[in-house]
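Trainee: Here is how the chains run, residue by residue.
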Amino acid sequence: MTGAAETPGAPPADVAIVGAGVVGTAIARALACQDVSCVLIDAANDVGTGTSKANTAILHTGFDAVPGSLESRLLRRGSALLADYARRAGIPVERTGALLVAWTPEQQAELPAVEDKARRNGVTDVYPIGPAELCRREPHLGPGALGALVIPGESIICPWTTPLAYATQALAAGARLRLRSRVTGIRAGAAEHQVITATGVVRCRWVVNAAGLHSDTIDEMMGGGRFTICPRRGELIVFDKLARPLLSSILLPVPTARTKGVLVAPTVYGNVLLGPTAEDVPGRDDVGTTAAGLTSLMAAGRRILPRLAAEEVTATYAGLRAATADRDYQIHVDPARRYACVAGIRSTGLSASLGIAEYVTALLADAGLRLAGRPEPDPPVMPYIGQAGTRPYQDAARIAADPEYGRIVCHCERVTRGEIRDALAGPLPPADLDGLRRRTRVLNGRCQGFYCAATVTALFASTTPAPAPAPATAGTAAEPA
Amino acid sequence: MNADVLVVGAGPAGLAAAMELRKLGADRVLVVDRDVAAGGIPRHSAHTGFGARDLRRVLTGPGYARRYAEAAAAAGADIRLGTTVTGWDGAPTGGGPQRVTLTSDAGVQSVDAGAVLLATGCRERPRTARLVPGDRPPGVMTTGELQRRVYLAGQRLPGRALIVGAEHVSFSAMVTLAHAGAQVLALVTGRPRHTSYAGFALAASWRWHVPVWPSTVVGQVTGRGRLDGVQLADTRTGDTRFVPCDVVVFTGDWIPDHELARAAGLAMDPGTRGPAVDTTLETSVPGVFAAGNLVHAAETADVAALGGRHAARGIVARLRRGPAPQPVRLPVTAEPPLRWIAPNLVCPGGPAPPRGRFILRSDVFARLARIEVWQGGRRLATGISFRVIPDRPVRLGASWTGRADPEAGPLTVRLA
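These protein sequence lines are chains D and G, in that order. Sequential numbering from 0 applies to the first sequence in numbering that gives the first Met the number 0. Sequential numbering from 0 applies to the second sequence in numbering that gives the first Met the number 0.
Just so you know, the hints here were simulated from the structure itself, not pulled from any lab data. Careful, some of the hints might be misleading.
What the hints assert, rightly or not - Chain G regions said to be covered by chain D (calculated; three or more residues, Cβ under 8 Å): (1) 81-87; (2) 99-105; (3) 120-126; (4) 138-145.
Where a beta carbon is used, it is the ideal one built from N, C-alpha and C, also for glycine.
Extracted from the complex, chain G is given alone in its bound form:
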């Protein structure tokens, strides 16, 4: 089987990319997804607020997912569901198509693709990866598992629930739990305050009577056979207390689904933990692109979709240009307390990044923060951010990329 472009992942980024690729004249656009339905995470995010930036309207998650799935199919993309990329042979030395292996109920197949877009998204770190000690009872899950249980499998979850995290997705988990019949006790966060919109926290408090417990971490999970509760620790005083509950949802703490990217041997960015990408979203391997929350875990669905659309333009340009070598690309690294920046490879004077900006993450709160870009001893740019909030995007304009010296080595971005 052959394709001009193989898109891996039928979430917002992959589907938006497929539509744009067809619009720009790519003939055979093959989209594969391991799930049994297209749409990605929004499929089970049954609240509103999707589509503002890309579709200029506001939809529910499932409505948004459906709209993209239908539009991509109508645009002529070949969408194969229940299909997993199970092998990556890559391109022959000296250039040529990328060869991958697909597994589905139709069997094991090879596909040669002129270009590949990885749009495999991200997931939340589970309790185990956060090294939360204690017993291993059922009833401990991530938001992803919770939403699939409630919205896709129709399960009820009566009982007391505790949410670990207080960012956007944590409030989404609260709504899901309330819908499933649970009594949500609180959202706990190790940070000094929540990192979502003030309106979400107010609504949680007033409408659902759910408080945020700041500076609080889960010290231990207790329960044999079923969950009894968790031990909470106050990070300021060290005090601990036991909170009985039937469900604990670990939210946020995103990690890109980068397994395929690493199997493909792509250079990885130490900050995002996704593949390193330039402003066209091309990775270290010519003809292999990455978009969406694989390269910035996690942004909202519309930002992921706009990234997919942007990657499509880069892919079409790459297919026209052929296997020409990549220009000089300088790595950009975020210095703590900044966590990551995306894109993270800069071609001096090269094209603009998606939406004309770089996205950053911070581990600390700050007001009127100066964000500086440095190359060697030279400051290339200073951006002012009115508010810097962990878990939320911090934007940085892209005009400085033209001032980067191709000979002067890597760049850093820091909070002044």
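Here chain D stands alone, though its shape is the one from the complex:
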């Protein structure tokens, strides 16, 4: 299923989706559930490994989007859809609300404009609070906060389970997933397109470009060349779970033209996140952290939440946002060429993903793609890896039924052998330890492997067959000379 070569002579797929991030998997899910045959293609060995895996893990309401923009519309629609989908699929999500905190008189003077913008974006439940109320809600906030705007609808969500749930549902509905298949060229044709990948050729009637950081490259292959992706790196610091009681909601800075700024947020795993920085970088894989970035984040963290500095850092990471020169999403459907471009999603793809998928599906239907028109099926139930609900190690009945759920392997994150076994045997098994991390939280804790890395590595190796060699010959054979 994953990365398999196509049967020669089979009819082309209806749609090939390039990019298995949160947007590509959401589109694959939407189409597959409407009986559209689709192939989801990605260069990486797993879904959701680009911008989708390294972000601030916030389910935005879209309160600060540009009113009237496509982003604003799809964010509002998408976040409502995802809040519901997450609840049914067991994707960890917590409606913590956010406080947009003003630290200077200038920022305070901005708050009414932000409030007005939020209302124009259809986020009408926002309201301002003064310093006394702010201090009551967030007693550990640093000195000097002048007031805040409350955005009750902002939530935190698991960015890993979300694309995994979409992909799992897409696969169950008949979509095919082709991983480790970097797209090297596309032969656009009158009857069908041929997407040339590292593992062979994918024939399809439609191409959907959801390639994120590489969407300009794919667009060029389809004869577009309308935009250039400017990767913007965001570095983040994850603090230990012992820091979690220091805040109750997402603490946002007043946004500037360039970025939403440095925020402090709880995570659904019970940690505290500080970041991101915003720096334009040349490389599309420039995901290293920097001394300057981490130092500036720590300084910002000390100002916002002074007691953070006394807690241990669990992890640091960087992600790239797929920014374009345009302020809005770049979503275009070209019926003549049977091509849909879904690009410029920047930092709101997770929140808007279901809205984007719904919108793209409708555009494709208008352009002639036939949908089954059936109601949406129930989402799959994903393994729960959040901190707010009940995990397997806490569930006496589950341990009684299967003692493997009582055998904790990763002590920091309390991941059991049963959960690791399930992930390795699941419909979309991890290809490496990072994939296992995103499915179970294993190795993600404060000790970073001091206790469990050896055991987890051995478990992974014992249950995973050696990776099959890339089907290079089959792939090249399928390519027309």
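With chain D's structure known, arrange chain G on it following the hints.
Mentor: Below, chain G alone, put in the same frame as chain D:
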């Protein structure tokens, strides 16, 4: 389930405490450990040098761990492995047993214990917690992970390795890497020289040809998918250079495994970052004790074991005394460049600390150093330390505790 004493952690401190508790007449001593085997860190420290102070003999780490595990079981302690304390309800107001929740493959259980000893040990700060920037390739680990990979999982690690740190454990990591087939390039330390025994550094240099690069820090980790190497920076000149390698081991820089202590709401010592303890090793909560490297990260296994034995005597006395209120205990704080002192609560005229001494850590080297204890404007004691070396214990006698004034507030210990 009920226990007279619940011991959390089956390392040297926990097992030694369990044996002593049984010897002193405690009936039901329950020892839990989240690991699948008893013995703690020595289990995967496959070199010799264990047991000199507590067992009066020298054993390998695994031999030492086995000996304690067998002896504690033979003494009648009930040792439950693969068992994690996942909840802490504590004692009801007005006194009574401490209630904790345990998770294991037997399910989720509650235990009521007359007293609890926390002996959860310590770990090394990983690369992330040290804020070392760069990429996140595999091949970057702590000594704990390295030793578990090599000695418990039997992995080989061929290739070039660099060790960050030059204290006792760093040389232990070097031996482990050599055993696993790695070529160790060097031990790097930001300090002006190594902080281990001269003999270890000489052996590293002569037998393994491994140098110590002083005043050197890791500026960046490089490699996508696999480790390419690290950028080193000279702290004196600011010069940087790239060193290609396949494995980097971050050693030392200990932090107590204090999560359970904090979940239990114990008062913490800002220096050790473990729970604050008095000279009987009782914490801020009556009936809850802490011993081993949770209260002094990190000392050798035998010192941890002797601390466990000492705590057992305090626990038995506490169980006999019942829930009487704790006497006046004055906090003792180490002033920089001293980092911490343990124990760190003093009861004027109270019992002696483990081994009759306080242990300190310094961040600087010093010779013939005067260590002074002050209370308010009054100097209570002066101790002379022949050599003060970072990462190594500095001892301070305990005779001054009788001179502390219960009314005169906190004490400080400083390097004169």
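Trainee: Now look at each hint and say whether the structure bears it out.
Mentor: Going through the hints against the structure:
With a cut-off of 8 Å between beta carbons, the segment 81-87 of chain G has 3 residues touching chain D; three or more are needed, and the interface restraint holds. Counting residues of the segment 99-105 of chain G whose beta-carbon sits less than 8 Å from any beta-carbon of chain D gives 4, enough to reach three: the coverage restraint holds. Only when three residues or more bring their CB closer than 8 Å to a CB of chain D does the claim for the segment 120-126 of chain G stand; here the count is 5, and the claim holds. Evaluation of the coverage hint for the segment 138-145 of chain G: fulfilled, as 4 residues show C-beta separations to chain D shorter than 8 Å, against a requirement of three.
The structure is consistent with each of the numbered hints, conforming to all of them.
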